[in-house]
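Top line first, the protein sequences correspond to chains A and B.
Going left to right, the first sequence walks through residues 1 to 202 as my numbering numbers them.
Going left to right, the second sequence walks through residues 1 to 479 as my numbering numbers them.
Do not rely on the hints blindly, as some may be mistaken.
Said to hold, decoys possible - Taking lysine to aspartate or glutamate and the EDC-like style, the derived pairs with C-alpha atoms no more than 20 Å apart in a straight line are:
{"id": "1", "chain 1": "B", "residue 1": "Lys-12", "chain 2": "B", "residue 2": "Glu-122"}
{"id": "2", "chain 1": "A", "residue 1": "Lys-120", "chain 2": "B", "residue 2": "Glu-367"}
{"id": "3", "chain 1": "A", "residue 1": "Lys-120", "chain 2": "A", "residue 2": "Glu-147"}
{"id": "4", "chain 1": "A", "residue 1": "Lys-109", "chain 2": "B", "residue 2": "Glu-329"}
{"id": "5", "chain 1": "A", "residue 1": "Lys-96", "chain 2": "B", "residue 2": "Glu-367"}
{"id": "6", "chain 1": "B", "residue 1": "Lys-55", "chain 2": "B", "residue 2": "Glu-86"}
{"id": "7", "chain 1": "A", "residue 1": "Lys-120", "chain 2": "B", "residue 2": "Glu-329"}
{"id": "8", "chain 1": "B", "residue 1": "Lys-72", "chain 2": "B", "residue 2": "Glu-88"}
{"id": "9", "chain 1": "B", "residue 1": "Lys-176", "chain 2": "B", "residue 2": "Glu-186"}
{"id": "10", "chain 1": "A", "residue 1": "Lys-109", "chain 2": "B", "residue 2": "Glu-36"}
{"id": "11", "chain 1": "A", "residue 1": "Lys-187", "chain 2": "A", "residue 2": "Asp-35"}
Stated by the list, open to error - Some chain A residues well away from chain B (every beta-carbon gap over 12 Å; in silico):
{"id": "12", "residue": "Ala-37"}
{"id": "13", "residue": "Ser-69"}
{"id": "14", "residue": "Gln-148"}
As the list claims (entries may be wrong) - Some chain A residues near chain B, calculated using beta-carbon distances under 7 Å:
{"id": "15", "residue": "Asp-2"}
{"id": "16", "residue": "Thr-5"}
{"id": "17", "residue": "Gly-56"}
{"id": "18", "residue": "Val-57"}
{"id": "19", "residue": "Tyr-86"}
{"id": "20", "residue": "Pro-88"}
{"id": "21", "residue": "Ala-89"}
{"id": "22", "residue": "Ile-103"}
{"id": "23", "residue": "Pro-105"}
Calculated from the structure, these hints are not laboratory results.
For each residue, glycine too, the CB sits at the ideal point set by N, CA and C.
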Amino acid sequence: MDALTPLLQGSRHIWRGQHHPTEHPSIPSGHPALDQAIPGGGFPAHALSEIMGVYGVGGLSLCLPMVASVSQHSLVALINPPYTPYAPALVYAGVKLDNLLLILPSTDKDLQWSIEQSAKQGSASMVLCWNPQATPKTQRRAQLASEQGQCTTICFRPAAHRHQSSHANLRLCIDASNTELHLELIKAKALVGSKHIRLARP
Amino acid sequence: MSTHHSKSARRKCWLGIFTPQLQLDQLCITQSEMHEIEVVIVRRQKPSAVISANKTALQVGIELGQTLDRAKAIAPSARFIEQRPEIEQEFQHSIAIQLQSMSSEVICYDSETLLVEIGASESLFGGFDPLLDKLRELLSSLGLCFRLGLGPHPHASTLIARYANTAWQMDAKEYKQWLEQRLVTEVLPLSLADSLEAMGVHQVGQWFALDQRSLSRRFDKRLLEFKQLYLGETQTLPTALGFEETFSSKISLQQSVDNTQSLRFVLARLINDLCAFLRLRQQACISCELALHHEGRRNCHPITRIQLSLSEATQNAAQLQSLWQQRLETVTLESPVDGVSLDAGQLQAYEAKTQDLLLNRNQQRTEKNGLIDLIRNRLGTESVCTLCLYDDHRPEQQLETSAKPPAYVMPLGLQRPVGFYPNAKPICAPQGSHHTEYLESGWWLNDQRRIYTIDQDSNGTKRWIYCEKGQWFCQGVFD
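Construct all of the structure, not just a fragment, from the sequences and the given hints.
Take a look at the structure:
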């Protein structure tokens, strides 16, 4: 067992129950309550995370502090957003537009290719993609590409996909009321069960 | 090296490069599978004979000079390809362009031999030996089978490269001794050699010992010209390859291909040629065009032209190869291709990148451009854009999705949606709304006036809406 322990600790591909993966870097979400709930203290860096819910209820706003922080020094790619990201609002949130790239693929095949290439190429430090046709296979490729390109990838998916299996390191479900965002953390390294978090709506 | 070269560094020193199987080399480079099967190049003129064969074919018993029928009997499964001088010429030209990186004077001496003046480049490479090492390295990297020859004059160098088996560099005395032992059939055209052989003259030494004037009168005056040529008494040389302003290169395929995947070796070859061309001129390309020539002379499919444009001029072969590979994956060939040409469009002065320990602004820009180029060349120009702010009261005029720099960043403090619909979506009248804001354009711009409010739909989405002429529109969402 003594010989096994360092092997288990050395590999980040082995998740151990209730063991906090402190060696894995994370990016604070900008919402202390959420960071506290996620084992590791934030969105896993260089990995794929998923936010599932109806598009428009607050997924992008939830990520804006992270986008603002990352865009100060490196490139952030937004792929296939269901609307045009509005420059005045992004600047207001502190996002540096110079480091923001908008990618608009016209077909699903191109979308999957764009996500993988943007994450893998190493130019972008963060990729935010809206991927309604994601499958376990495409998510696996995105996860590997994120690791390879050291890119933090956040994928917005419809709420109906929450029961689909996924290779994402972190999975969140999002819903909103008038004043609050309801988040349900359904998958994370060292997470047991699920966690519910409430955040004030911006 | 022989001392006569180093002592007279300023004197021209011509190196002969003999490439006996250009067509075979080109085939093996552009079609990798050719290494594994028996490939034989046969002379076009009758009687057909083997002029070159790859290692696999030689191992099964094919020999150079063998008749086609005999070769077919020995290796019936071999691929027999007819010699095509135009392919050899194209390939030799591309080799000559690469060699220009080592010498300012490169001559295509004949269809199988190149002449390179290396005397002037000696000091640049730190001596003859490092220069020759580099040259050998370059030729090997091109996948060439070659022999070098260095003699007291250019014609001697070509002869040594072509016929000398052991010593490849000779001074004047060694060269004369070596030449006199050669057979006349080796160094003279067949008709002239036959005339001499009929007289019982078999070696060059015997030929040189004869009275040349009477020989010329009796047989052919070309005999005297050949003697003068081989002894270096004739100074005339073919014209050296010029320094072309633009890059355009074509590779004719010896077997047509019907998918773009098979073109990757040809493309890699063309890109290497292009980058050598650019490096030599301290230039970089910002766009290039690939032309795919389809097989068939009459009623054939028109040439397929594929463009590649870059955000930043480059001379990096790996970058170009990666971009072209992605670009070609989206192309479907409607007809088999038997030739590929690459043209570098606009060329720009190359700006060398400085290397920093920390990621600097230029490096960030280059990385961003790399991703933009990758996506644009695969998905189209419209598929990638950046966001910019413009000073305008009208929300739809405040952003621009283009690569242009922002004109003006307006002071902000108002609540704005992160998701915006430039063409507002018509919606049903909202139940309740708040945060009213009045926006209007100048009277000179259609005099638009809108009252914006925020509401929330049944899904919980906060919307930025306005009413115009009784119809409600959603301009954005607070995602």
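Against the structure, the hints come out as follows:
| no. | hint | in the structure |
| --- | --- | --- |
| 1 | Lys-12(B) x Glu-122(B) | 11 Å, holds |
| 2 | Lys-120(A) x Glu-367(B) | 13 Å, holds |
| 3 | Lys-120(A) x Glu-147(A) | 8 Å, holds |
| 4 | Lys-109(A) x Glu-329(B) | 12 Å, holds |
| 5 | Lys-96(A) x Glu-367(B) | 16 Å, holds |
| 6 | Lys-55(B) x Glu-86(B) | 24 Å, violated |
| 7 | Lys-120(A) x Glu-329(B) | 18 Å, holds |
| 8 | Lys-72(B) x Glu-88(B) | 24 Å, violated |
| 9 | Lys-176(B) x Glu-186(B) | 15 Å, holds |
| 10 | Lys-109(A) x Glu-36(B) | 36 Å, violated |
| 11 | Lys-187(A) x Asp-35(A) | 14 Å, holds |
| 12 | Ala-37 | 21 Å, holds |
| 13 | Ser-69 | 16 Å, holds |
| 14 | Gln-148 | 15 Å, holds |
| 15 | Asp-2 | 41 Å, violated |
| 16 | Thr-5 | 37 Å, violated |
| 17 | Gly-56 | 4 Å, holds |
| 18 | Val-57 | 5 Å, holds |
| 19 | Tyr-86 | 4 Å, holds |
| 20 | Pro-88 | 5 Å, holds |
| 21 | Ala-89 | 4 Å, holds |
| 22 | Ile-103 | 6 Å, holds |
| 23 | Pro-105 | 6 Å, holds |
The structure fails to meet hints 6, 8, 10, 15, 16 from the earlier list, while all remaining hints are met.
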